[in-house]
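So the sequence lines, in the order shown, correspond to chains U and W.
Take the first sequence: its position 9, counted from the start at 1, is 9 in the UniProt record's numbering, and no numbers get skipped.
Take the second sequence: its position 44, counted from the start at 1, is 44 in the UniProt record's numbering, and no numbers get skipped.
One thing to keep in mind: the hints can contain errors.
[Claimed, not checked] Below, computed lysine to any residue pairings styled on SDA-like, alpha-carbon distance capped at 25 Å: (1) W:K273 to U:Y14; (2) W:K212 to U:V29; (3) U:K27 to W:K212; (4) W:K269 to U:Y95; (5) W:K374 to U:L9; (6) U:K30 to U:R17; (7) W:K380 to W:I401; (8) W:K161 to W:D195; (9) W:K197 to W:S112; (10) W:K269 to U:Y14; (11) W:K212 to U:K43; (12) U:K41 to W:L382; (13) U:K41 to W:E276; (14) U:K27 to W:K281; (15) U:K43 to W:M264; (16) W:K212 to U:T13; (17) U:K27 to W:K269; (18) W:K269 to U:V29; (19) U:K41 to W:K380; (20) W:K212 to U:I12; (21) U:K41 to W:Q261; (22) W:K269 to U:L94; (23) W:K212 to U:L94; (24) W:K320 to U:I48; (25) U:K30 to W:E265; (26) W:K212 to U:I35; (27) W:K269 to U:R51; (28) W:K281 to U:V29; (29) W:K161 to W:E276; (30) W:K380 to W:I396; (31) W:K280 to W:L382; (32) W:K212 to W:V135; (33) W:K281 to U:R17; (34) W:K273 to U:L9; (35) W:K273 to U:I12; (36) W:K212 to U:K30; (37) U:K27 to W:E265; (38) W:K380 to W:D349; (39) W:K161 to W:G345; (40) W:K320 to U:L9.
Hints in this document: simulated from the structure, not taken from any laboratory.
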Amino acid sequence: MKVSPVAYLLKITYAVRRIRDAFRENKNVKDPVEIQTLVNKAKRDLEIIRRQVVSLKSMPAVGMVGRTHIPSSGTALRNLYLPGSSSQVHIGQLYSTDKLIIENQEKPRT
Amino acid sequence: MLLRTAWRRAAAAVRAAPGPRSEAPARGLRLRVVDNAPQSAVPSDTATAPEVESVLRPLYMDVQATTPLDPRVLDAMLPYLVNYYGNPHSRTHAYGWESEAAMERARQQVASLIGADPREIIFTSGATESNNIAVKELEAAIQPDTSLVSVMTVNNEIGVKQPIAEIGQICSSRRVYFHTDAAQAVGKIPLDVNDMKIDLMSISGHKIYGPKGVGAIYIRRRPRVRVEALQSGGGQERGMRSGTVPTPLVVGLGAACEVAQQEMEYDHKWISKLAERLTKKIMNSLPDVVMNGDPEHHYPGCINLSFAYVEGESLLMALKDVALSSGSACTSASLEPSYVLRAIGTDEDLAHSSIRFGIGRFTTEEEVDYTVEKCIHHVKRLREMSPLWEMVQDGIDLKSIKWTQH
């Protein structure tokens, strides 16, 4: 059973709507350079979504008015509060780097 | 020991139970794993994140009070909370350098949203601190005829947009400093400090889908505006605001500003659409509803409605599954009606019956429809109970009544 934090249900609806509208807005773009820029930005945004979904999956789910009640499992909550829990380690791995690098002026992460 | 085994058995039973649960037996079950309790004690407010959620959380329609973090902002902040934890003022090692680079990048993002130079942005702990710095500046002024005009760009209670460009024009021609608290406006309406001739501007992080506890103040360099530091210490932020700059928070603020710049037009369209839906539906279904604030110069995301013959607080309590407010959060502790409504000349009784609906980037149509439906239902119900409403239905003019004292 998929467990998702309710706050993220709103963000998911937003993301779906935003992505669909962005595709519609840009459907007539012909310039290949511009298309490539848009695709690169989309890839970066996709990575953001992927990281957020993975790192926050272990958050306990709560129900919200108007949506089905999604009970969370006891283990998920335990993992969240224990030191060195899987979610902390997970988040660290997603945002880690092997060696210390000076910030590139263009982007903090390549 | 017996209790612990009983809990474990209950926990197992709960996990095995399929589907949504019915009320009474499940309520009050708390799966606190006492035997493995870590030193970081499970916070006592686990009521907000219970394992077995017996109460559903309300819809959030109070974006003027605060906004949730945009996922893009959280994504930008997490590396600086987990891995890149250096002090940005450390000059001697890479931890400091990378943290400083992130801080300067955030400064550039904030500046570009308002058309300023990055050297004119000072990070603070929020718009309140920025306001205090700006107003204290008045005392630091040397010339005898210096004064300061301070205006809110978008009001947080009724959503009215002030004519900032015109005020800025007047102030610059009279050589008077112009400060604006743009906490509710930054990232939502286009702002340019040079076009609008703004000298000082307060920015708040948590009103634009950024983190709480951070803000910024814009201080014009040309012509130079001198401010006196509220907080003195190590001389950070050009001596105007000492104290270590919180890198994760300012990175979040910068990311929030950048996202806001990209999404401003799209958000405005969406929020306007939802706002119109909400007001039209409510006003078509209920009589005697007044929208407070100028309808023309109005930011659509903040809708303040007064429902005549219904008390605002009772309506808020009735709408318990929607998070709303009846005025500004900063003055919510007092029982007086809002000073803003009083200032625009609203009648005392209408001022007591006002509710503020906040629509933001993440608000959905379903949430608006649900809120509208509940609002209409409860207003009708409360009006049925109201003797004033009865009198009005009978055609009595309430203003002509002479109330006797008992």
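Let me make sure I understand: some of the numbered hints might not hold for this structure. Which ones are they, in numerical order? 2, 3, 4, 11, 12, 13, 14, 19, 22, 24, 26, 27, 28, 36
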